[in-house]
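Place chain X on chain U using the hints.
Residues per chain, in single letters:
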Amino acid sequence: MAGRRILLACLAVVVAAPAQAQPSQLETAVKATYLYKLAPFVEWPADDSAGPFTICVVGPDPFGPLLDKAVAGQAYDGRPFAVTRTATLTAPDTCEIAYAGGTAQQVAATLRAAEGHPVLTVTDGSQAAGMVNFTLHQGKVRFRIDQAATEASGLTVSSKLLSLALSVHPAKGRP
Amino acid sequence: MNALLSFLSHRRSLIVSLSLLLLVLTSIALALYTESRHQTQIRQAATVQARVLADSVSAALAFDEVDEVGRYTTALRANPDIEAVAVFDEDGRLVAHYGGENIPSQLAQLDAQDMRGVTAVRAPVVENGVKLGTVYFRVQTDSLLTRIVRYSGAGLLVLMASLMLAVMAFDARALARGNANLKAEMIERQRAEAALRQSQKMEAVGRLTGGIAHDFNNMLAVIIGNLDLFVRRYPDADPKMLRFVAGSQDAAKRAATLTQRLLAFSRRQPLDPKATDVGRSVADMSELLGRTLGETISIEAIRAVGLWQAHVDAGQLETALVNLAVNARDAMPGGGKLTIETSNAYLDSDYAGTQDEVAPGQYVLIAVTDTGTGIPPEMLERVFEPFFTTKPAGLGTGLGLSQVHGFVKQSGGHISLHSEVGVGTTIKLYLPRSKEVSVVSTQSEPTLKDPDDRRSQTVLVVDDEAGVRDFAAAALAELGYDVMSASDADQALKIVEDNARVDILLTDVVMPGRSGRELADAVQKRKPSVRVLYMTGYTQNAIVHNGVLDAGTNLISKPFTISQLEQELDALVER
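Residue numbers (the numbering used here), protein chains in the order written: chain U, 1 to 175; chain X, 1001 to 1575.
Isolated chain U (complex conformation) (with noise of 0.2 Å):
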């Protein structure tokens, strides 16, 4: 851990200066690992099917084996973690979290898709921005999040984890 410290102090130092540049491998890993992390802190509506907890990658993939190798052994509730990756959002239901990656066309098709289904949608610092959507705050991977968005689709997002969130747009009738 002592390491990824530093390897994000060397990355806030790398990625502040050249902005909207490609992301490094090192932020991407990072990525990866909080994809999974956010699982925990969500509640989805029960769900019969007791299968594999599926991490969707829709669209072009950053991440490529750092995330199969992020979840490798981990299990929410019991379910252990399965990442599929496909070009588009065609079966929303087969997926808890949907990663919409690509251009701002793609993502926006994507979170279109997962609408009305329970499936956290993860962005990456996109315009459309979906449920979490990640964003480089003084150096390191924050992400901010849409409580608005995830209540409509029938998720509960921990209170642990919106008060690491950068920014929450509150449900409707919150302040």
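Watch out, some of these pointers could steer you wrong.
Label pairs and their in silico Cβ distance ranges [what the hints assert, rightly or not]:
(1) U:S159 x X:A1031: 46 to 52 Å
(2) X:V1126 x U:A91: 26 to 32 Å
(3) X:A1161 x U:S159: 57 to 63 Å
(4) X:Y1098 x U:S167: 26 to 32 Å
(5) U:G125 x X:Q1041: 49 to 55 Å
(6) U:S163 x X:A1161: 29 to 35 Å
(7) X:V1126 x U:T86: 28 to 34 Å
(8) U:G139 x X:V1052: 29 to 35 Å
(9) X:A1154 x U:A50: 53 to 59 Å
(10) U:G139 x X:A1031: 55 to 61 Å
(11) X:L1159 x U:S159: 55 to 61 Å
(12) X:Q1041 x U:S159: 29 to 35 Å
(13) X:Y1098 x U:A46: 38 to 44 Å
A few chain U residues that face chain X, going by a derived Cβ cut-off under 7 Å, partial list only [unchecked claim]:
(14) Y76
(15) D77
(16) L161
Since the hints were made in silico from the structure, they are not lab data. Keep in mind it's a predicted model, so treat the numbers as computed, not measured. Note that CB positions come from ideal geometry on N, CA and C, so glycine has one too.
For chain X alone, kept in the frame of chain U given last:
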């Protein structure tokens, strides 16, 4: 219930020991239990805190909010018991910690680092089954000193309780012992008082008897002496008259024997104790005793090997044995067996202390046992009293056992009596062991002196009793001596001073004014050649100490016959 109480009182020390052991064991067990409970509580409390922390830091840990994790751990500083807190990520790497200088950077290295004096707990950081890391807690357990201090109060109490229990138990034991001692002493004292009363009574009776016997002796001396003189002076008198005189002489001699017994009881008879082989005395007397006892009674003498010699007057011992035999015979009218055992005996101070006038030491024991009717307990104390008899009037004098008692006591011995009605009686005589080497007594043949020799000798007779004095003077004249007489010491001394011709002083011992001994000393101072013969009715006086003759003192017991006087005077001149 009584059995339980007696068991308790007899096993008091055991019970106290068990109680103490129980108390100490209970205390230790209680302390151990409390200690283990305390440890468990510390561990539980630490576990709870670790879980709370794990729950709090899960999100911050998951998304690398190191500062956030640090804030949580730092918040725990408020608890002074916490020695160290560390948070590791899901890969076992240290994320944040405080305290514990030696927290390793890897969770895997922590196992070997558990220390004594601290309680270490771990709690996994888990959210919905996803393992995000580990929280490590190290809580200070109390140091050994702290724990000892905590239990020292209780320990002190246990110690005090044990001490009190022990003291109480030993107090109770001392009390019981003291009580027992007191009881024993009371019984002892009662016994000693009874013995003292008995001895005082015997002493008083003895004094009275002795006084009467002494006066009787003087009178008998006159009667016997005068009858003797009559027979010697008038050998040709009417035979009828001589027969009357002989009858009077017999009666007077029997009366003299009686007074001797009385004197023996009152311990005022003169004793001549020598080293005596008691066993031989008994053996020598067996024949005589057999005749005394008659044919219906068998007699057995048992003599112990290595028997010591006793320091007693052999003549009085024989009299005592005869008296005992007679007593035994009268107790066995239908026949039986008399056993006389002789052995060595040692009376220890314990036994001597319970008896009156008994010195601890070595004794020669003569035990005379009969198979007779026995003596009822209520009579046991009285049998040694003079004139006490169970025999019909005229059959016994009541002086037999008195003589035995007086003889033994006067010899410095001890007498004890055991009797059971219908079974028999044992009388034990403890005679003091002699310190002398045995002396074989040689009876010197009485040498008859020619009366002519005596003509040259002058005897001075001194006695305050005119009857005795006159008889003695007459007897001495009869024997051929020149005689002068005086009624007291002063008169006698005057005669000695006036007249150089005094060869023998025959003096009474107890007289008004100066005693016979003082007179003798005064006379011998003036005329050392004068020989002295004492006459006495009893011997509790200046020349006799405790009934034993002084060495070199010549004495003739009143009443005496002319021939006895003749023998004594001849012996005096011989010496």
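Could you check the hint for me, namely that X:L1159 and U:S159 are 55 to 61 Å apart, CB to CB?
-> Given about 58 Å between the Cβ atoms, the range holds.
When the nearest CB of chain X is found for U:D77, is that gap smaller than 7 Å?
-> holds (4 Å)
May I ask you to test the interface hint for U:L161 with respect to chain X, counting a Cβ-Cβ separation under 7 Å as satisfied?
-> Interface hint status for U:L161: holds (5 Å vs cutoff 7 Å).
Is the gap between the beta carbons of X:Y1098 and U:S167 within 26 to 32 Å?
-> Given about 31 Å between the Cβ atoms, the range holds.
Could you check the hint for me, namely that X:V1126 and U:A91 are 26 to 32 Å apart, CB to CB?
-> Hint holds: Cβ distance 30 Å, inside 26 to 32 Å.
Taking the beta carbons of X:Q1041 and U:S159, is their distance inside 29 to 35 Å?
-> holds (32 Å)
When you take the CB atoms of U:G139 and X:V1052, is the distance between them in 29 to 35 Å?
-> About 32 Å separates the Cβ atoms of U:G139 and X:V1052, which means 29 to 35 Å holds.
How does the Cβ-Cβ distance of X:A1161 and U:S159 compare with 57 to 63 Å: does it lie in that range?
-> holds (59 Å)
CB-CB spacing for U:T86 and X:V1126 relative to the 28 to 34 Å hint = holds (30 Å)
CB of U:G139 to CB of X:A1031, is that within 55 to 61 Å?
-> Holds - the Cβ-Cβ distance for U:G139 and X:A1031, about 59 Å, lies within 55 to 61 Å.
Supplied distance hint 46 to 52 Å, evaluated on CB atoms of U:S159 and X:A1031 | holds (47 Å)
State, for the Cβ atoms of U:G125 and X:Q1041, whether the hinted interval 49 to 55 Å holds or is violated.
-> holds (51 Å)
Hint compliance for this structure: hint 6 alone is broken.
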